[in-house]
Amino acid sequence: MQCSFDSMRLSGCKVVFRFRRFFAEFWLFCLAFNMYHNSSQKKFWTYDKEEKLDKLRLEANRKFCLKGMSSGKPESMFLDAQEEKVLFRHYENRLLDFCAMFKPAMPKTVVGTACMYFRRFYLNNSLMEYHPRTIMLTCAYLSCKVDEFNVSCTQFVGNLQESPAGQERALEQILEYELLLIQQLSFHLVVHNPYRPLEGFLIDLKTRYPLLENPEMLRKSAEDFLNRAAVTDAGLLFSPSQIGLTAILNSAARAGLKMEAYLTECMGLKEDKETLSKMYESMRRITSLIKAYELPKAEEVNTCKQKLERIHAEFATNLTWHDG
1 MQCSFDSMRL
11 SGCKVVFRFR
21 RFFAEFWLFC
31 LAFNMYHNSS
41 QKKFWTYDKE
51 EKLDKLRLEA
61 NRKFCLKGMS
71 SGKPESMFLD
81 AQEEKVLFRH
91 YENRLLDFCA
101 MFKPAMPKTV
111 VGTACMYFRR
121 FYLNNSLMEY
131 HPRTIMLTCA
141 YLSCKVDEFN
151 VSCTQFVGNL
161 QESPAGQERA
171 LEQILEYELL
181 LIQQLSFHLV
191 VHNPYRPLEG
201 FLIDLKTRYP
211 LLENPEMLRK
221 SAEDFLNRAA
231 VTDAGLLFSP
241 SQIGLTAILN
251 SAARAGLKME
261 AYLTECMGLK
271 EDKETLSKMY
281 ESMRRITSLI
291 KAYELPKAEE
301 VNTCKQKLER
311 IHAEFATNLT
321 WHDG
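Letter 210 of the sequence shown, counting from 1, is numbered 210 in the UniProt record's numbering, and no numbers are missing.
In case anyone wonders, no lab produced these hints; they're calculated from the structure.
Predicted model only: the values in this text are computed from it and were never measured.
Heads up, a few of these hints could be off.
[Unchecked claim] With a cut-off of at most 16 Å between alpha-carbon atoms, the simulated EDC-like pairs for lysine to aspartate or glutamate come out as follows:
hint : residue 1 : residue 2
1    : Lys273    : Glu260
2    : Lys55     : Asp233
3    : Lys206    : Glu265
4    : Lys291    : Glu199
5    : Lys85     : Glu300
6    : Lys63     : Asp80
7    : Lys108    : Asp97
8    : Lys85     : Asp233
9    : Lys307    : Asp97
10   : Lys67     : Glu129
11   : Lys63     : Glu148
12   : Lys108    : Glu199
13   : Lys307    : Glu129
14   : Lys67     : Glu314
15   : Lys85     : Glu51
[As the list claims (entries may be wrong)] Ranges between beta-carbon positions, derived for each pair:
hint : residue 1 : residue 2 : range
16   : Met101    : Tyr293    : 16 to 26 Å
17   : Lys145    : Asp48     : 38 to 48 Å
18   : Glu294    : Leu56     : 20 to 30 Å
19   : Glu281    : Ala255    : 19 to 29 Å
20   : Glu168    : Lys145    : 51 to 61 Å
Every residue gets a Cβ at the ideal spot worked out from N, C-alpha and C, and that includes glycine.
With the sequences and hints as input, model every part of the structure.
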């Protein structure tokens with residue numbers, strides 16, 4: 001009898017523990033939602049139109065080209081905006097590869113923050129002025145510090161496939177450009193990633209949406225969606241909660257599940273047609289960004305890289321090492 005009573009008490013403790021954990025995680029999700037809406041990310045780094053982002057990048061490109069041409073160099077020597085886009089995507093994916101292979105394993109939020117730093121930096125700067133390999137590593141290094149992923153600088157560069165001398169040079173460059181990166185980010189270092197909202201929506205589905213028997217089945221596909229969103233402009237155009245919700249609904253659609261009732265009933269949008277319509281439009285735009293994303297072709301990348309290296313050799317605007 002005592003054994004049975006102890007088992008019941010232990011089972012009850014587990015239920016209470018799970019409830020408290022769910023409550024704590026959901027409270028953190030709500031807190032994160034409110035923090036984003038009062039954040040520097042929303043105020044300074046969230047744009048309403050893709051055209052605005054294109055304009056900023058074009059201005060950064062033209063500014064460097066004009067500066068170079070004023071010293072007598074021909075316009076054909078420089079990268080155009082499309083060529084910069086090719087190289088940006090190439091180096092952004094190299095950043096992801098570096099983070100994926102990092103030891104110890106790098107948390108998703110650290111990777112997301114590094115990608116966002118990289119995108120923000122090159123909104124207002126040209127790859128021709130600051131070499132993307134230097135900047136991508138500096139973004140990863142800074143994100144480790146800001147998101148409190150505790151690795152030493154020696155550990156960090158130890159993840160580079162370089163000789164000890166090459167790792168030492170890389171560290172010198174990272175430390176050289178860390179302050180520049182912080183300044184170009186306007187000292188806005190906290191990034192609200194969509195991973196926490198994703199967790200919040202999964203908890204909400206478990207507690208308030210009984211029509212879905214096993215919300216966890218949506219996790220992997222939803223996380224894959226967020227990983228793909230990280231290499232698009234979604235984080236510069238939409239809130240983390242919008243991206244997280246889109247990931248959930250996209251995952252459900254892939255599994256053949258309809259979840260309109262979650263939006264209309266659980267989220268209270270049944271009578272708010274305008275908000276519901278705007279939400280669907282945002283989700284459509286986020287999904288379109290991801291579907292439209294394409295990796296550049298290798299030969300295209302190689303041609304642009306050769307051009308980039310010639311520019312950096314000519315102007316020597318920053319310290320670089322050979323990029324194979």
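How the hints compare with the structure:
1. Lys273 / Glu260: holds (13 Å)
2. Lys55 / Asp233: OK: Lys55 and Asp233 at ~13 Å, within 16 Å.
3. Lys206 / Glu265: It holds: about 15 Å lies between the C-alpha atoms, which stays within 16 Å.
4. Lys291 / Glu199: violated (23 Å)
5. Lys85 / Glu300: holds (11 Å)
6. Lys63 / Asp80: Measuring from Cα to Cα gives roughly 11 Å; hence the hint holds.
7. Lys108 / Asp97: holds (13 Å)
8. Lys85 / Asp233: holds (12 Å)
9. Lys307 / Asp97: Roughly 23 Å separates the two Cα atoms, so the pair is violated.
10. Lys67 / Glu129: Since the Cα atoms of Lys67 and Glu129 sit roughly 11 Å apart, the hinted pair holds (cutoff 16 Å).
11. Lys63 / Glu148: Violated, at roughly 36 Å.
12. Lys108 / Glu199: OK: Lys108 and Glu199 at ~13 Å, within 16 Å.
13. Lys307 / Glu129: This hinted pair holds, its Cα atoms lying about 13 Å apart.
14. Lys67 / Glu314: holds (13 Å)
15. Lys85 / Glu51: With Cα atoms ~14 Å apart, Lys85 and Glu51 stay inside 16 Å; holds.
16. Met101 / Tyr293: 16 to 26 Å: The hinted range 16 to 26 Å holds for Met101 and Tyr293, with Cβ atoms some 22 Å apart.
17. Lys145 / Asp48: 38 to 48 Å: violated (31 Å)
18. Glu294 / Leu56: 20 to 30 Å: holds (22 Å)
19. Glu281 / Ala255: 19 to 29 Å: holds (23 Å)
20. Glu168 / Lys145: 51 to 61 Å: Hint violated: Cβ distance 19 Å, outside 51 to 61 Å.
Checked against the numbered hints given earlier, this structure breaks hints 4, 9, 11, 17 and 20; the rest are met.
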